[in-house]
Amino acid sequence: MTNNITPQSEDYSRWYLDIIREAELAENSEARGSMVIRPYGYALWEAIQSGLDRRFKDTGHVNAYFPLFIPKSLFQKEAEHVKGFDPELAVVTIGGGSTLEEPLVVRPTSEAIIGHHYAKWIQSYRDLPLLINQWANVVRWEMRNRPFLRTTEFLWQEGHTAHATEDEAREETLRMLDVYVDFAENDAAIPVIKGIKSDRETFPGAVNTYTIEGMMGNKWALQMGTSHYLGTKFAQMNQIKFLDQNNVSQLCHTTSWGISTRMVGAVIMAHGDNQGLRLPPVLAPIQVVIVPIWRKEAERVSVLEVVDRVHTNLRDKGIRVKVDRRDDQTPGFKYNDWEMRGVPMRIEIGPRDVQQQSVVFARRDRPGKEGKSFGIPLSEVAHETQTLLHSIQENLRLQALQTRADNTHRVTSYTAFQEVLQEKEGFLHVHWAGTTQDEERIQEETKATLRCLPLDSTTEEGQCILTGKRTSQMAIFARAY
RNA sequence: CGGGGCGUGGCGCAGUUCGGUAGCGCGCCAGCUUUGGGAGCUGGAUGUCGGAGGUUCGAAUCCUCUCGCCCCGACCA
4 MTNNITPQSE DYSRWYLDII REAELAENSE ARGSMVIRPY GYALWEAIQS GLDRRFKDTG
64 HVNAYFPLFI PKSLFQKEAE HVKGFDPELA VVTIGGGSTL EEPLVVRPTS EAIIGHHYAK
124 WIQSYRDLPL LINQWANVVR WEMRNRPFLR TTEFLWQEGH TAHATEDEAR EETLRMLDVY
184 VDFAENDAAI PVIKGIKSDR ETFPGAVNTY TIEGMMGNKW ALQMGTSHYL GTKFAQMNQI
244 KFLDQNNVSQ LCHTTSWGIS TRMVGAVIMA HGDNQGLRLP PVLAPIQVVI VPIWRKEAER
304 VSVLEVVDRV HTNLRDKGIR VKVDRRDDQT PGFKYNDWEM RGVPMRIEIG PRDVQQQSVV
364 FARRDRPGKE GKSFGIPLSE VAHETQTLLH SIQENLRLQA LQTRADNTHR VTSYTAFQEV
424 LQEKEGFLHV HWAGTTQDEE RIQEETKATL RCLPLDSTTE EGQCILTGKR TSQMAIFARA
484 Y
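Numbered according to our numbering, the first sequence spans residues 4 to 484.
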């Protein structure tokens, strides 16, 4: 009973890095801050992509692709946007061996270039709304990197929409936020708090930034997706205008929203345990692994015959199933190996099972023998598998929800705030009427940041924990990645 | 970018104090025996000791510079 994964309680950061290495999700590459996403990690990202992409299409969006390079002058049109991103830009100054007349910014996000093209495409109110998403890589030069959570280059989707009115654009912003909530909770099985960011945390150039915040296994918060109402700021900078029904020229109201490969990190940290990954069935590249067991050659033949039948049966039902046919590993090794890789459930088939025309189930979300069910009749395997996968998906979500509930604390004074943060950590739910300076003070004194002003919270009045002002505004503070 | 730690075979590490020409566990390859919770035995392969320069008869070990990684801060999807 040994594995190469540091227990979470001993060192959470090492646990995270160990899992990424052992489960072969990713590894660092030669350029500082850049990583290779290995096939298993990429398959997880593909599952995330397909869950999101389907939802984008269902809400009327189409995909397109905009270029990686943005002329510096174009990027610099929106003042706050520039100020926010300037420190983390990568800029190309040489091309084809000679110094470029105009440097090219490697996109850290694409509002600028997309807005430029939208201005050409939009002439009339009949061209609106324009609802486009792109799947792309972006580059942000960060001080400190962690695989999936913060890398110099990362993959994401960025939706960019243009609308005739503020109301429509605001509605779109919140619609996509809800799409993210739906994805996070139903596909990734991670409950999230949706909220609005404080001025301090608002996207550079946005009017409002909305976020989904999840709680990780170490009780820290992770921003898992953002949706911005950009007002007419970017429309102004690129002159994205249309003629309305009254032949009056109007600026568009735009939005943007994104989820990145950081979501992979969220899945690792929200569900993983000391055994390794625990993947929600909806996202798991392999949902079911079948482990055949035999001693003698005759058994091998009869076992594999049943294994193949079950394999085909499940595959035909659309279940992502793999048979572990390695004959140089013991079943015990395989159990641990696939558990470490987070496969939601395992089917064991050996001579005894063949004789009884049944199989053994083992579910990843319950450890060891507790997670096993014996004597599942062959005739019911497909049905029972589907049922169990649903159950695991739901159970992971409930476990994460429980963890968050257990580690969310309502506090009413700054003294209590500091104590709870020190002793228990987690999310702190407070009345808040502070300023940016107040937020900075809290961060300096406690390391916690204002994650968001939750949208779904009570409106009862109370005293701001820092300023003492009466307010009905709530806020969530936590340590965060 | 500041403070601390660390770079030795694919992974995890010992060796560095006190220089003498590299070792352990896992993994890998071959064979045999095994296989219902991380198999055993036998044999074998794999290292520019992160990189560059220097000191020395001789450097993983000492000196200088550099690159990278990890932890803690500041910045952030």
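Among the hints, a few may not be true.
Straight-line Cα separation of at most 16 Å, EDC-like style, residue types lysine to aspartate or glutamate; simulated pairs [as the list claims (entries may be wrong)]:
1. K60 - D185
2. K86 - E204
3. K86 - E105
4. K75 - E105
5. K244 - E351
6. K60 - D181
7. K244 - E105
8. K222 - D181
9. K75 - E91
10. K472 - E448
11. K320 - E387
Because the hints were derived from the structure by calculation, they are not lab data. Note that the structure is predicted; figures quoted are calculated from it, not measured.
Original post:
Broken hints, numbered, in rising order?
Top reply: 3, 5, 7, 8 and 10
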